[in-house]
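Residue numbers (the numbering used here), protein chains in the order written: chain A, 1 to 286; chain B, 1 to 321.
No lab work stands behind these hints: they were computed from the structure.
All values derive from a computational prediction rather than experimental measurement.
The C-beta atom is built at its ideal place from N, Cα and C for all residues, glycine as well.
Check each hint, because a few of them may be wrong.
[Unchecked claim] A short, non-exhaustive set of chain A residues, derived as facing chain B with CB atoms under 8 Å:
| id | residue |
| --- | --- |
| 1 | E22 |
| 2 | R61 |
| 3 | L100 |
| 4 | P103 |
| 5 | V105 |
[Claimed, not checked] Coverage of chain B stretches by chain A, computed from C-beta distances (three or more under 8 Å per stretch; other residues unrestricted):
| id | region |
| --- | --- |
| 6 | 55-68 |
| 7 | 103-110 |
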Amino acid sequence: MSAWAVRYLKPLGVLVGSTWKEGLRRRLIIVGLLLTVAFLVLYGLGAYFAFREVGDLTEVRVLAAYQLLSFGIFVCSFLGTMLVIFSAAGVISGDSESGLLQPLVARPLGRWQVLVGKYLGFISLFLAYQVLLSGSVIMLTRLLADFSPPQPFQTLAFLALQGMVLLALVSLISSVLAPVPTGIVAFMAFGLSFIGGVVRQIGMLLSNETAEVIGRIITYLLPSDNLFRMALSGLQPPSSLLGDILGNLGPFGIPVEPTTFSVVYAIVYLAACLGIAVALFARRDL
Amino acid sequence: MLLIPVETASPAISCEGVVKSFGTAQALRGVTLRVPRGIIFGFLGPNGAGKSTLLKILVGLVRPTAGSVLVLGGRPGSRPVQARVGYLSEQFRYPSWMTGRELVHFHSALTSAGRPVHTNPTDLLRVVGLAEAGDRRVGEYSKGMQQRLGLAQALVGDPSLIFLDEPTSALDPIGRLEVRDLLLGLRGRGVTVFLNSHLLTEVERVCDHVAVVDRGTVVTHGPLERLLRTSAARIRVGHISTELRIALAARLEEITGFPAAYERGVLTVPTSAPGQLPALVKAAVEAGAQVYEAGPVRGSLEETFVALIREHEANDGAGRE
Ligand SMILES: Nc1ncnc2c1ncn2[C@@H]1O[C@H](COP(=O)(O)OP(=O)(O)O)[C@@H](O)[C@H]1O
Ligand SMILES: [Mg+2]
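The following block holds chain A by itself, in its conformation from the complex:
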């Protein structure tokens, strides 16, 4: 390894490794897997019985399958969010209060490395979990409901981006608030973003400009719901009149077509959250 890699990358690798080890050692990973299997079994049973009944009306079948899958993906997004919030709520204030952080910071690495290393550890756990979970949901829908979403990788990519943005936000909140308030605020942010999306959707449906503007502002302040809708758009079957109507009535939101701007915006948002978190952490008294 070059001196550069030893100095900058090795500590990040060490911190990622220790996050995984902790996940295994504390049985977080195994319990997570068991719960996931339980969810997948329930989802599979639902899909199996639902689609045994549906007849040959192709269009209805496709729409029903799409509704089921969007519900499944909503649960994936929700579970991924919980994982992110619970794993990272104590990343700065909590660990600094308990005294776990000080010995790390006293080592020859920059504080940004401590934070980024922990971020990478949590995000790699999250990504592995989300790919497994939402990948399985998509596969099950395909097997049991005979529905293949047009762009499953787009869905995975946006679910991943949603978790990454949320984790950056949680890291930032954690540098200001204690673990429990951090979890509560992060969860409220997730919920508010969802509500913002619904308000925007209603505004669009009813042509109410005020509602749409408010919804749009919330969407930019907290982009997680918008990312979820872009994930949904990878599942949407080719449009039809019936499909548009049903899609609009879907409980988990209308899919939003991804745009380069919204992707860039999400990445800038993520970088800004992490950047501010690093800056606050760098001047924090531990």
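Once you've looked at the hints, dock chain B with the ligands against the given chain A.
For chain B with the ligands alone, kept in the frame of chain A given last:
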């Protein structure tokens, strides 16, 4: 090998007017210190005096509000300095899911980002008396074992300067003795030890230099020998008559201002000035006593410490009214 362009003669630590405020409260009110290399330095003070705060500033965990600090010739918290420094925090908390050996490995891996590290975890664990417990989880350790592990952690990477914040607070007397030997061993290898403590006997036994801090200011500092100043003179006069005893006591009190005590042939005369001893002996002889033996009584660190703190708090309190 790394060549560190550091003058060996430069002090291990130098602080100049270090101030630290937490909101309106001042934890440090202008601390100036110089710690030579290769010694065991004791930083003493009552609870809340600001010891841990200074230590955290020296390790780069806390930023001073004002003042300048140099550690091993560099900025505290900077990478080259951290690579040569070990730290045992007052809280000594480590991830409960790791084993002791894994913790040592983990810290060597992190330290090796700063410079090559040749740490043998087994050796380190043996040094702190955890040879058998190395594969058990930290969560199963007793407080004392966790503190020992913290010591091993602080020793990772052969630091040339090691900061210990109350390193024996959770240890039994045997453990304290072991830590004392460990510190002496470190000094023997040229390591500078900065020891925060309020355990005076511990400090008295190992420290070369001490500083006494109270309410955020250094009350006194210097070599331990100089600090343990004379607090009394002892004059052995043998058995003397009651009249002579009374006359002598009166005469000596005139000189020192303190009443003298007589017991089993020995006069003990409290004095704050060691230079008075010849005058006291002369007075005793002139009063008609035979002097067999005379010398200063060395105060313990405890007496010195208590006197210093009481004096400081009295002045400080008066000054603040
Ligand atoms: N993070 C902090 N916030 C506010 N006050 C603090 C903080 N850390 C220390 N103090 C205050 O600074 C003073 C010195 O504390 P400390 O350095 O821990 O003392 P010592 O280690 O000598 O017992 C105390 O009065 C303490 O209450
Ligand atoms: Mg303290």
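Tested hints:
1. E22: holds, 5 Å
2. R61: Status violated, d = 48 Å.
3. L100: holds, 5 Å
4. P103: holds, 6 Å
5. V105: Interface hint status for V105/A: holds (6 Å vs cutoff 8 Å).
6. 55-68: It holds, with 6 qualifying residues against the three required.
7. 103-110: It holds: at least three residues are needed, and the region 103-110 of chain B offers 4 whose Cβ sits within less than 8 Å of chain A.
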